[in-house]
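**Q** Spelled out from the first residue to the last, the chains are:
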Amino acid sequence: MDNNKGSVWVIAEQGKLGILDVSLQLIDKARQLADTLGSPVEVVSLGYQCELIGTQLIAAGADKVYIADDPATAVYQAELYTKIISQLFKQQQPNIVLVGSTFMGRELAPILAATLKTGLTAHCTDLCLDEKGILEQKIPAYGGMMTIVCPEKRPQMATVAKGVFGLPNPDNERTGEILTLEIPNDFKARIRTIEIVKEEVPSISLESADKIVAGGAGAQNIKGWNMIKELANLLGAGLGSTRPAVDEAWIKIDSMIGQSGKMVNPKLYIGIGLSGEQQHMVGIVDSEIMIAINNDEQSPVFSQVDYGIVDDCQLFLPELIKKLKAHQEQ
Amino acid sequence: MFKIAVCIKAVPDPELASKIKIDPKTGSLIRTNIPLVINPLDRNALEAALNIKSTQGAEITVFSMGPPQADTTLKQCLALGADQGILLSDIAFAGADAYSTALTLASGIKKAGEFDLVICGVSSSDGATEWVGPEISVHLGLPVVTMVSEISELTPEMIQLKANIENGYRKMEVDLPALLTVTMELNTPKNLSFSGIIKAKKKEIAVWGIKDLDISENLVGLKGSPTIVTEMNPLEKKREIEFIEGDRTEKANILVSKLIDAGVI
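The listed protein sequences correspond, in order, to chains A and B.
The numbering of the first sequence is the working numbering, which starts it at 1 and goes up by one.
The numbering of the second sequence is the working numbering, which starts it at 1 and goes up by one.
Hints may contain errors.
To be verified - Restricting the straight-line Cα-Cα distance to at most 16 Å, the calculated cross-link-like pairs of lysine to aspartate or glutamate (EDC-like) are:
hint, chain 1, residue 1, chain 2, residue 2
1, A, K83, A, E182
2, A, K267, A, D306
3, B, K190, A, D247
4, B, K238, A, E199
5, A, K188, B, D175
6, A, K162, B, E166
7, A, K64, A, D28
8, B, K171, A, E195
9, A, K138, B, E231
10, A, K252, B, E166
11, B, K258, A, E288
12, A, K153, A, E136
13, B, K258, A, D306
14, A, K323, B, E204
15, A, K132, A, D35
16, A, K188, B, E173
17, B, K21, A, E277
18, A, K223, A, E248
19, A, K322, B, E250
20, A, K138, B, E236
21, B, K171, A, E199
22, B, K238, A, E288
23, A, K198, B, E166
24, B, K223, A, E152
25, B, K171, B, E150
26, A, K162, A, D28
27, A, K138, A, D126
28, A, K5, A, E131
29, A, K323, B, E250
30, B, K3, B, E166
31, A, K267, A, E288
The hints are simulated quantities; they were obtained by calculation from the structure and are not laboratory data.
As the structure is a prediction and not an experimental result, all values here were calculated from the model.
Using the sequences and the accompanying hints, generate a full structural model.
**A** See the structure below:
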């Protein structure tokens, strides 16, 4: 068989509310790739009490679905998941495997790639096929885009963050095959999950926010960061960050926007005290209006936005906040 | 006494790394002379090992794969309190992707002996794939936990820890030996001390090449890498900047009216 004609696979992750959006988005992308290649889309999903998942995955675009429905797979367990999925892949020989850049995906995908002795591209922001049918995996790097391929080893594996691709329109008329996976019963885990603790989700989720204020190292200190926070609150905007702000512990890592953080799609984006690193900017998808505030006129951020203000944010933000309050009181 | 391996990467100083750009004409990287430093998250990995050393006793070996000049970053690790440094350096290792980097590091660790813990930073500031740690664990046959944010208990048989997940954490227990990748929340790395620098002066970094490892030349470097970079393109510029000028009050006024005109406030 032609090396590039095999199935396009997605590892679909289950959350409390069913299949995660990122997994559905990847099934839609897998469908497009598979249609070009003339190959089927196959999905593997592990969980418990998930009998409705199969039909949902087929409606989303899968031709064949492998489900594990067992208390042992109720929550993600690296070793057991690796064992089940790597066995399946050794039998089925996927051509392409797409995985969401979730905490699970980011741990499981490299374990699987090393187990299967193949390549894995991190946090792709686009996927296409070359004329031979090889997957071109695009990632932002060094102020541009890099194309990575895995020309010989199979499967070709990539992780992709939520929001890079759109959701499929579910088609309930679609038909497909649902198969149940066996759970190995002699399995002794060296890793045991004792407890899963979920904290409260921030009131404005970044992915759904229509306005986003993001800050970086240029906030200078917690005083500057609090001004950025105040502006976000005043605008009813989600508060995002870049790596340096997280490193300074001004804000938690969940707020990081970009290739290894969240992908956002707001109407308004205001970037304050950040330099416009590609790894951050690629996380802002099609914002209608983009504004940057930075004290360095030469900052690369200014070539990526619509309006620029050259100023020290600690001096400018109080003025802007004052004007916005005056406008809101009108 | 615990035996701990820490993997570090010498990276271009992240403060200056944005100066590396793609040449729009040739598509290759324009590198300015950026000094190498210890990858920031690997400092957290080393600090975790140092904390175990000071509370429970440990022998720490630091591993790195990189060019010969990466030995200065390993020397810094010794000055910070690590006991040995091993640099895997050979022209054959050049051009490695995450897969062959992990395989090479795992071969070095195997050759150096048995370890109770292997600790890595979650990702590097220049590659940012997060793959090397978990891939090393596969090659060593060890259980792995990524995104470790807290170590709560360590006995010779097991480690208890917290690891980040979406909006929360997992509390877990892992049998030793094991591999961990750690986040910056785990600890605050201490700075170099003068006495540390003096003590480390006498120590040497071992340099191992392909011939020192039990691994075929076809499995390392560019040859051993499943993935390759085929293209690098500078981004097209999609937006035209309009600078808002004036004094601070004028700038704030103009910006507010732009926001009103755009219908976003």
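**Q** Would you mind marking each hint as holding or not holding in the structure?
**A** Checked hints:
1. Among the hinted pairs, K83(A) with E182(A) is consistent with the structure: their alpha-carbon atoms are about 11 Å apart, no more than 16 Å.
2. For the proposed pair K267(A) and D306(A), the alpha carbon gap of about 13 Å is at most 16 Å, so the pair holds.
3. Restraint check for K190(B) and D247(A): satisfied, since their Cα atoms lie roughly 15 Å apart, inside the 16 Å limit.
4. Proximity of K238(B) to E199(A) is assessed by CA-CA distance (about 38 Å); at most 16 Å being required, the pair is judged violated.
5. Between K188(A) and D175(B), the direct Cα distance comes to roughly 11 Å. Compliance with the 16 Å bound is thereby established for this hinted pair.
6. Only pairs whose Cα atoms come within 16 Å are accepted, and K162(A) paired with E166(B) is accepted, the gap being roughly 12 Å.
7. Note on K64(A) and D28(A): the hinted pairing holds, with a Cα-Cα distance of about 14 Å set against a maximum of 16 Å.
8. Straight-line distance between C-alpha atoms of K171(B) and E195(A) comes to about 5 Å, which keeps the hinted pair within the 16 Å bound.
9. For the given pair, K138(A) sits about 9 Å from E231(B) by alpha-carbon distance, which is consistent with the 16 Å threshold.
10. Simply put, K252(A) and E166(B) have alpha-carbon atoms about 12 Å apart, close enough for the 16 Å limit, and the pair holds.
11. The hinted pair formed by K258(B) and E288(A) meets the criterion: a straight-line CA distance of about 13 Å does not exceed 16 Å.
12. With a C-alpha separation of about 14 Å, the suggested pairing of K153(A) with E136(A) holds against the 16 Å cut-off.
13. Among the hinted pairs, K258(B) with D306(A) is consistent with the structure: their alpha-carbon atoms are about 11 Å apart, no more than 16 Å.
14. Between K323(A) and E204(B) the alpha-carbon distance is near 62 Å, which puts this suggested pair outside the 16 Å criterion.
15. A hinted pair counts as satisfied when its Cα atoms are at most 16 Å apart, and K132(A) with D35(A) qualifies at roughly 14 Å.
16. For a cut-off of 16 Å, the pair hint linking K188(A) to E173(B) stands: about 14 Å separates their Cα positions.
17. Pair hint K21(B) plus E277(A) holds up; C-alpha atoms about 11 Å apart against a cutoff of 16 Å.
18. Only pairs whose Cα atoms come within 16 Å are accepted, and K223(A) paired with E248(A) is accepted, the gap being roughly 12 Å.
19. In summary, the hint linking K322(A) to E250(B) is supported, as the alpha carbons are separated by about 12 Å, within the 16 Å threshold.
20. Taking the CA atoms of K138(A) and E236(B), the gap is about 15 Å. The hint holds against a cut of 16 Å.
21. For the proposed pair K171(B) and E199(A), the alpha carbon gap of about 13 Å is at most 16 Å, so the pair holds.
22. Annotation: proposed proximity of K238(B) to E288(A) holds, straight-line Cα distance about 12 Å (limit 16 Å).
23. At most 16 Å may separate the alpha-carbon atoms for a hinted pair to count; K198(A) and E166(B) meet this at roughly 8 Å.
24. Pair hint K223(B) plus E152(A) holds up; C-alpha atoms about 12 Å apart against a cutoff of 16 Å.
25. Between K171(B) and E150(B) the CA atoms are separated by roughly 9 Å; this keeps the pair inside 16 Å, and the hint holds.
26. Taking the CA atoms of K162(A) and D28(A), the gap is about 13 Å. The hint holds against a cut of 16 Å.
27. A threshold of 16 Å between alpha carbons decides the hint, and for K138(A) with D126(A) the separation of about 5 Å falls inside it, so the pair holds.
28. Taken as a hint, the K5(A) and E131(A) pair is honoured in the structure, with Cα atoms around 13 Å apart against an allowance of 16 Å.
29. Annotation: proposed proximity of K323(A) to E250(B) holds, straight-line Cα distance about 10 Å (limit 16 Å).
30. With a C-alpha separation of about 32 Å, the suggested pair K3(B) and E166(B) falls outside the 16 Å cut-off, and the hint is violated.
31. Of the supplied pair hints, the one linking K267(A) and E288(A) holds, its CA atoms being roughly 5 Å apart against a limit of 16 Å.
In the structure shown, a violation is registered for the earlier hints numbered 4, 14 and 30, in ascending order.
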